[in-house]
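Peer 1: Work out the full structure: start from the sequences and follow the hints.
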Amino acid sequence: MVAGGSEGTGPATARRLRQAAAQVVTVARTAPEKDDALSVQGDLGTAVGMATAAAEVTARVGAPDVLVHDVGGSDSPARGFAALDDALTTPDHT
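Per this note's numbering, the sequence shown starts with residue 165, numbered consecutively.
None of these hints come from the bench; they were simulated from the model.
Zero decoy hints are in this set.
Pairwise CB distance ranges, derived in the manner of DEER restraints:
id, residue 1, residue 2, range
1, 176, 228, 16 to 22 Å
2, 182, 227, 14 to 20 Å
3, 215, 194, 18 to 24 Å
4, 173, 225, 19 to 25 Å
5, 212, 179, 27 to 33 Å
6, 183, 211, 32 to 38 Å
7, 211, 179, 26 to 32 Å
8, 229, 173, 16 to 22 Å
In this text, a Cβ means the ideal position worked out from N, Cα and C, and glycines have one as well.
Peer 2: What follows is the structure in structure tokens.
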């Protein structure tokens, strides 16, 4: 599974892994331009988004053997997604 698989180094990483005969599922906030059974749209910046994407990936191909975290930078607190809650990940649109 390649997280951040729609732009930049994400699709390049997925392509290289596929060239090496790996079955690769990409996950990204942006929907793929073409219908692709091995691309999942999901926001890995929220607990709900992560759970939804994980369920979708598992339903399509089973549990991933490898996760390539190729998502952009963050100013989130230490401990990664485990430290996040909706207050940290939901933009304030007031």
